[in-house]
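Asker: Single-letter residue listing:
4 protein chains.
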Amino acid sequence: MLTSQNVYERISEILKGKRNELTAVSDRIWDFAETRYEEVQSAEILAATLEEEGFDVQRNAGEMETAFVASFGSGKPVIAFLGEFDALSGLSQQADSATKVPIVEGGNGHGCGHNLLGTGAMAAAMAVKQLMEENKLEGTVRYYGCPAEEGGGGKAFMARAGLFSDVDVALTWHPWDENQVYHARMLATCQVYFRFTGTSSHAAFSPHLGRSALDAVELMNIGSNFLREHIIPEGQLHYAITDAGGMSPNVVQPNAEVLYKIRAPKISEVAAILERVKDVARGAALMTGTEMEIQFDASSADLIPNATLGKLMHKHMEATEAPSYTEEEYAFAQEVQQTFSAEEKAAIQKNEDKILSRGILDFPSEPGFFRGSTDVGDVSWLVPTGQIYVTTCAFATPFHSWQLVTQGKSSIAHKGMLFTGKVLAASALELLQKPDLLEGIKAEHLANLDGETYQSLIPTNTKPAPIKRKK
Amino acid sequence: MLTSQNVYERISEILKGKRNELTAVSDRIWDFAETRYEEVQSAEILAATLEEEGFDVQRNAGEMETAFVASFGSGKPVIAFLGEFDALSGLSQQADSATKVPIVEGGNGHGCGHNLLGTGAMAAAMAVKQLMEENKLEGTVRYYGCPAEEGGGGKAFMARAGLFSDVDVALTWHPWDENQVYHARMLATCQVYFRFTGTSSHAAFSPHLGRSALDAVELMNIGSNFLREHIIPEGQLHYAITDAGGMSPNVVQPNAEVLYKIRAPKISEVAAILERVKDVARGAALMTGTEMEIQFDASSADLIPNATLGKLMHKHMEATEAPSYTEEEYAFAQEVQQTFSAEEKAAIQKNEDKILSRGILDFPSEPGFFRGSTDVGDVSWLVPTGQIYVTTCAFATPFHSWQLVTQGKSSIAHKGMLFTGKVLAASALELLQKPDLLEGIKAEHLANLDGETYQSLIPTNTKPAPIKRKK
Amino acid sequence: MLTSQNVYERISEILKGKRNELTAVSDRIWDFAETRYEEVQSAEILAATLEEEGFDVQRNAGEMETAFVASFGSGKPVIAFLGEFDALSGLSQQADSATKVPIVEGGNGHGCGHNLLGTGAMAAAMAVKQLMEENKLEGTVRYYGCPAEEGGGGKAFMARAGLFSDVDVALTWHPWDENQVYHARMLATCQVYFRFTGTSSHAAFSPHLGRSALDAVELMNIGSNFLREHIIPEGQLHYAITDAGGMSPNVVQPNAEVLYKIRAPKISEVAAILERVKDVARGAALMTGTEMEIQFDASSADLIPNATLGKLMHKHMEATEAPSYTEEEYAFAQEVQQTFSAEEKAAIQKNEDKILSRGILDFPSEPGFFRGSTDVGDVSWLVPTGQIYVTTCAFATPFHSWQLVTQGKSSIAHKGMLFTGKVLAASALELLQKPDLLEGIKAEHLANLDGETYQSLIPTNTKPAPIKRKK
Amino acid sequence: MLTSQNVYERISEILKGKRNELTAVSDRIWDFAETRYEEVQSAEILAATLEEEGFDVQRNAGEMETAFVASFGSGKPVIAFLGEFDALSGLSQQADSATKVPIVEGGNGHGCGHNLLGTGAMAAAMAVKQLMEENKLEGTVRYYGCPAEEGGGGKAFMARAGLFSDVDVALTWHPWDENQVYHARMLATCQVYFRFTGTSSHAAFSPHLGRSALDAVELMNIGSNFLREHIIPEGQLHYAITDAGGMSPNVVQPNAEVLYKIRAPKISEVAAILERVKDVARGAALMTGTEMEIQFDASSADLIPNATLGKLMHKHMEATEAPSYTEEEYAFAQEVQQTFSAEEKAAIQKNEDKILSRGILDFPSEPGFFRGSTDVGDVSWLVPTGQIYVTTCAFATPFHSWQLVTQGKSSIAHKGMLFTGKVLAASALELLQKPDLLEGIKAEHLANLDGETYQSLIPTNTKPAPIKRKK
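Chains as they are written, first to last, in full-length UniProt numbering: chain A, 1 to 471; chain B, 1 to 471; chain C, 1 to 471; chain D, 1 to 471.
It should be emphasised that the hints constitute simulated quantities derived from the structure, not laboratory data.
What you were told as hints is all true, and nothing was included just to trick you.
Because identical chains cannot be distinguished in the list, a pair is counted as satisfied if it fits within a single copy or across any two copies.
Derived SDA-like pairs: lysine to any residue, alpha-carbon spacing no greater than 25 Å straight-line:
#1 K100 to S248
#2 K311 to E444
#3 K345 to A204
#4 K468 to M247
Could you put the whole structure together from the sequences, leaning on the hints where they help?
Answerer: What follows is the structure, given as structure tokens:
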């Protein structure tokens with residue numbers, strides 16, 4: 001059996017050897033900057049790399065063009081690494097620049113660091129495969145190429161397709177401005193389009209012959225604002241009018257659309273609120289004499305943390321040498337920090353002018369709670385799921401910002417990505433070798449579920465859809 | 001056959017003989033001041049007087065406690081006089097006073113002069129009966145005791161009960177500040193209650209468990225305001241919140257109610273708008289998770305004037321001597337005018353400081369249009385209906401005001417009432433004797449209908465209802 | 001110095017002697033059932049009793065007709081007992097009945113047990129006075145006759161008048177279905193009327209000349225529902241339309257009014273939300289061309305518990321013999337429980353079919369949080385304030401209900417009231433004799449305030465006002 | 001002096017000579033298809049042609065790049081021809097095609113026939129100039145190159161610049177599907193942008209820190225829907241949301257904009273309604289804590305017809321030979337008619353399957369009323385203005401449609417344009433020679449104004465602006 005020390009050393013050596021290749025992949029994905037369900041090149045570069053590495057790759061997984069599953073080994077246990085690679089629209093930005101300079105005005109950019117995410121998880125998968133071979137370990141290591149984390153809920157669609165059905169444990173991570181095991185709950189959420197169709201008419205000559213879809217959207221929104229008082233206090237709903245029916249006031253607008261996002265601690269609560277919102281939409285259609293069509297966009301379940309798994313990852317995080325930084329790296333990070341908002345600067349000052357965070361935060365005694373959402377939540381209902389957050393940028397960098405994009409190809413980012421690969425690999429290797437440990441994790445998982453089972457809000461006939469563009 | 005001159009003289013003599021009795025009846029009804037569907041004493045004094053006079057009286061007509069039909073003679077033609085006798089709430093006022101002094105604070109008052117209306121129409125019926133007997137005229141004279149003209153649409157319920165099915169022509173009048181044949185269209189209308197029932201809950205502890213009926217009323221009203229743009233330009237809708245669900249903000253209001261009034265030139269248009277408004281109400285119930293119940297209150301059809309009949313009445317109006325007034329009457333009228341608003345005073349000034357209007361206005365070449373409503377409209381769809389408007393008060397007196405109430409027992413009012421009796425009687429007697437004239441009137445009626453038939457919006461199960469009082 | 005044992009015995013003897021008088025006073029106040037700021041007889045019976053007992057009584061305290069302060073002794077420390085005595089409207093109910101039978105339909109009733117509250121606090125004041133005299137103790141004991149706890153915020157007005165300026169500690173209690181020291185925070189709140197004045201006009205003839213006050217109320221409510229998303233998550237706002245402008249849809253409503261209740265953890269947060277709501281009201285006035293007038297009704301600060309004081313009271317609560325009950329008392333309580341809702345019955349079942357709660361609940365390690373409000377909060381900002389909750393009714397009795405009213409004269413209620421008198425008196429006597437203890441309580445109070453000072457939202461020119469009745 | 005017969009013959013000869021040039025200019029403008037205030041090439045081709053013809057051309061008239069005034073002659077009277085040349089967005093379509101085929105997807109097209117309008121009016125100016133020279137007539141003939149009739153109100157800006165101050169009479173026309181003098185009123189109108197600026201915030205983490213501009217737009221629209229009941233019945237308002245603040249529901253939208261169009265019979269009424277709408281917008285800003293900015297877009301006055309001038313034009317219209325059509329022209333027109341809507345086809349059937357309308361409609365006894373708007377209205381307030389409508393397309397062709405665009409270069413269109421040139425020229429020539437006739441026209445104009453003077457709603461600092469494109 002592999003000794004602990006052995007493992008860390010071998011992993012380090014392996015990933016040192018693949019460093020150039022891995023950073024190149026990450027940088028290419030940064031360049032592609034493809035958004036949800038359109039990450040064709042990004043998915044392919046990862047799939048092809050894994051294939052070359054000896055993984056068996058199933059493309060078009062779950063009938064999604066940019067989803068894939070790469071597999072090595074056979075039998076139990078099945079360890080899954082989750083990788084993401086989608087960019088965000090409107091965040092185009094040159095790399096390594098402390099001023100805001102888009103590459104393409106209005107273009108896409110990796111504002112959430114998923115170029116690193118997908119590649120760092122792949123690094124772990126590669127190292128594990130090699131050590132499984134070297135040590136003839138039993139079991140299966142998988143890499144899940146998960147599209148559309150940003151608003152598209154790719155993992156929920158993959159879950160619906162049954163792709164996680166035989167997985168024992170899932171490991172993943174997220175680029176961040178600190179090093180820690182992520183041990184917190186997050187909100188369940190869903191996004192749904194409501195499209196209204198009425199009858200056009202000249203607004204001055206014959207408004208009485210028109211049936212206004214814009215009226216319907218406005219009345220739906222009014223009804224929803226009245227609804228706020230009557231949903232659970234932890235529930236939230238927000239909306240954006242995605243089609244206001246045109247620029248001309250001279251016509252009764254025959255088409256209009258609004259996109260709702262609903263959040264609540266549990267997916268069942270999201271479902272309950274969604275039913276109420278649907279009734280509001282139906283009411284608005286009735287009031288205006290318009291037709292209403294519901295188009296489900298995406299949803300993700302709440303995130304269930306697993307303390308047993310978290311503590312294991314924390315141990316390996318502490319045992320792995322965290323990156324250190326050069327003067328140039330500090331200087332660049334500090335330069336980027338100059339562009340932050342007052343609020344972020346205050347956070348920096350409060351943390352003793354921290355520039356780059358090297359230490360590992362303590363593992364929390366109780367799970368935290370974070371008002372965001374992720375489709376890792378769906379996986380976390382099906383299998384015990386562990387996540388680490390790793391420094392890849394200057395302290396206090398806001399996410400979904402040009403400042404995050406500009407650091408995405410930096411050596412700081414690359415170091416964090418490789419550190420991640422080591423921690424995830426070490427965690428996986430211990431799990432592969434210690435069935436009891438895995439049982440303990442699974443037992444906690446069952447306890448955490450407390451008798452509930454995973455449900456997804458995605459209707460049977462809903463297909464994953466790319467970003468809607470303004471008409 | 002009766003000569004014209006004979007008729008006027010005999011009618012005058014007959015009504016001179018009944019003058020004291022008639023003014024006493026009118027004054028008693030003024031005293032009773034009973035509102036819609038509760039005019040028990042008012043209806044009874046008229047019914048009893050006609051019974052005593054030899055009419056055959058059917059009380060509880062159409063199963064309405066305060067509706068009755070008094071009949072004399074037999075066979076065709078059937079001439080109907082329409083009488084009203086309901087008061088208005090909130091208009092209690094002492095008689096013959098040039099200052100506002102309620103008899104009972106918040107009590108009822110005859111603010112529309114229906115004490116005179118009912119009695120003046122009865123005067124005509126009495127005179128016609130006597131002349132039919134004296135001259136052995138064939139046919140039937142009827143007096144319809146019609147309750148609830150003010151918002152209750154009594155005649156629409158009487159029409160539904162088939163009470164006008166064999167009538168050939170209907171004659172009526174209205175107290176006014178000028179003498180004229182009323183030759184104008186009026187709007188069709190309906191009034192409908194929408195009651196919402198939700199679930200009460202403490203507004204601070206558990207608003208999410210509450211379903212707010214007040215929210216539903218508010219959302220219905222919002223929907224209706226959006227609807228305004230999308231109904232025919234001549235249509236109108238207004239509302240009053242008749243139950244806001246209580247005085248405490250600390251509770252989610254489980255009950256609330258709103259009363260809608262809809263108007264349009266034609267009853268079919270009112271019906272179409274009402275369907276839209278019902279959908280708005282259903283939408284509001286859906287939006288709020290409440291139950292909604294529709295309670296139809298009343299409706300009246302648009303008024304169809306008949307020029308042939310109008311011209312006949314105009315002839316008799318001109319041939320009958322109109323009242324002249326004493327100095328005291330002028331002085332009182334002028335004193336009351338001092339209390340009018342600036343707008344009404346301007347109207348007086350524009351009319352050469354007119355105090356009491358004695359002349360007869362010209363018969364208009366084309367029917368006018370008036371944005372009010374009356375349940376005489378329902379009768380006017382079923383049979384040719386003629387109306388005169390007769391001076392019973394100071395020029396420019398506002399209706400539904402204490403100033404109208406205070407003049408309701410004056411000698412000015414009594415004079416107008418008796419003049420009316422003469423004109424209506426003379427018109428009826430000519431109609432009884434000239435079948436051709438009646439045919440012409442009916443022919444015009446058919447032409448006016450233009451192929452349409454009377455429809456009422458009153459649902460089968462709706463019963464006439466008195467005024468709703470605030471809870 | 002008084003030994004502990006002495007104290008309990010003497011207090012018991014004293015209150016045994018006054019038992020009949022005290023229960024008679026409580027029962028009379030139950031009979032008076034006077035609502036906020038109209039508790040003329042209720043206040044007077046308490047004031048007169050205390051005067052007779054030798055207290056110096058200042059009536060019309062803070063220029064409020066039904067507020068008074070009764071005082072005995074002189075100098076420091078000043079111990080205040082807070083007494084309430086107002087009833088609730090609409091809760092008239094016969095005593096000792098297990099079925100709902102109002103005495104006067106729609107009348108008032110003591111649905112919150114303030115007849116007991118005011119009298120039980122008086123019992124403590126009497127016992128303390130007597131023991132001060134017997135033992136020549138220094139200091140002052142006061143009884144504050146506090147009107148209008150129910151929505152009227154009497155204590156906030158008394159605080160504004162400076163009536164608590166020299167008080168060292170305040171003690172009070174509340175009738176309840178269990179025995180415990182109340183150690184919890186409660187929400188700050190305010191109630192404000194917004195009255196709109198527009199221009200009346202006939203809704204069919206000339207709606208364009210009208211300016212609708214009802215429109216303004218509706219638009220204000222819409223604006224407030226949109227505002228919900230943009231206030232702090234712990235903040236709340238609710239409203240009731242207190243004047244919808246009349247029952248007739250046929251008129252543009254020229255007057256309308258809405259009452260808002262705002263809640264938040266801190267009074268400064270309530271103030272911030274109130275400013276936003278005022279802007280919404282101003283916006284609604286602008287939108288409709290109406291005038292808007294703000295009429296402040298009442299407010300109360302959040303409640304600050306004091307653990308040092310709470311523990312002291314807990315000690316005396318445990319040391320005092322709690323009431324035991326007869327079979328008849330259990331039978332009656334059980335009979336009343338039969339009328340409870342399913343939810344309340346479930347709570348009973350969950351608590352081993354508890355009928356009457358005799359034990360003392362543990363003192364909580366951390367202060368609780370309760371989403372209600374009380375004007376004791378205002379006092380708790382000015383001086384350290386302690387409260388006990390004492391069993392006076394069947395377990396799980398809902399408050400503000402006929403079931404609470406019907407138990408208000410029962411022997412169960414009287415027993416709880418006298419038990420309270422003993423506990424409060426014993427606590428006060430220890431405080432009178434132990435300056436160090438008092439200092440510790442004050443030190444915690446200062447720490448709890450954390451540098452903030454009491455603020456009241458009541459505008460300078462606002463006067464306390466009785467319940468508004470529906471027009 | 002010119003005899004009538006002379007005039008018609010000479011005008012015909014002159015325009016026959018210029019036919020090729022004129023149709024070429026019209027076709028080029030059709031090709032340019034430039035929209036409001038960007039008609040640089042269209043204006044230039046007209047200006048250059050007139051300059052070459054001997055007119056004195058003032059470009060950049062009223063500081064508008066695409067406005068110009070071409071003048072010939074001197075002194076009084078001053079006869080103005082009004083020419084328009086702007087296209088519409090979204091109507092790109094190939095010429096002479098009976099199926100919908102855009103040249104450029106989403107491109108512009110001449111959907112209102114202004115290529116013909118501008119050129120036909122120029123034809124008249126050219127003919128008049130030549131006859132003035134030949135006959136040494138006194139006075140001035142002008143051609144006004146008027147940009148941005150479609151929503152931009154170019155003539156209102158030209159009026160503001162004083163460009164019509166010395167004009168005695170204005171003549172113009174519009175392409176249509178029938179031949180007639182246009183003798184009708186049209187509505188005054190204005191278009192105004194309301195832009196709201198709030199504060200962005202994450203909709204889930206910190207909605208209370210956000211100030212939603214989208215909320216403000218929605219509340220403004222709600223307020224405006226409530227306002228509908230309280231403006232004059234003939235007034236109208238409609239709106240389009242021109243910026244909903246983005247596609248993401250996950251952010252509190254910090255920017256949003258809505259465009260209002262207001263119409264009423266008189267510009268003073270439009271102004272009054274606009275003030276109310278501004279207050280609604282201010283109210284919405286107050287309610288939401290956002291900033292609001294008003295950006296005036298354009299306005300046009302109501303159109304005042306002149307019967308004296310109209311009859312003169314009618315005479316010349318009847319005296320001029322109207323175009324006749326070839327079989328091919330009928331066939332093409334009929335083919336286009338096949339693509340019409342059911343409603344339009346019904347209109348064709350009702351008119352005996354009319355294909356191309358050749359006759360001249362009777363001059364109406366009373367001015368009609370049309371619920372549209374035109375900036376010719378502004379000119380019609382300043383000087384007596386006459387308009388003819390001339391057949392240039394298949395009967396019942398809908399305007400602002402691809403069907404109108406496709407006929408814009410057809411021989412049918414060219415024939416109507418040249419016929420127009422003759423009628424306008426003949427009318428102008430009579431006016432040049434008959435001062436009394438002009439006086440009569442001016443006298444009627446003054447009478448029509450009834451003491452009122454022209455007012456424009458355009459704020460001093462507002463500049464003409466091209467079409468806003470969606471962001």
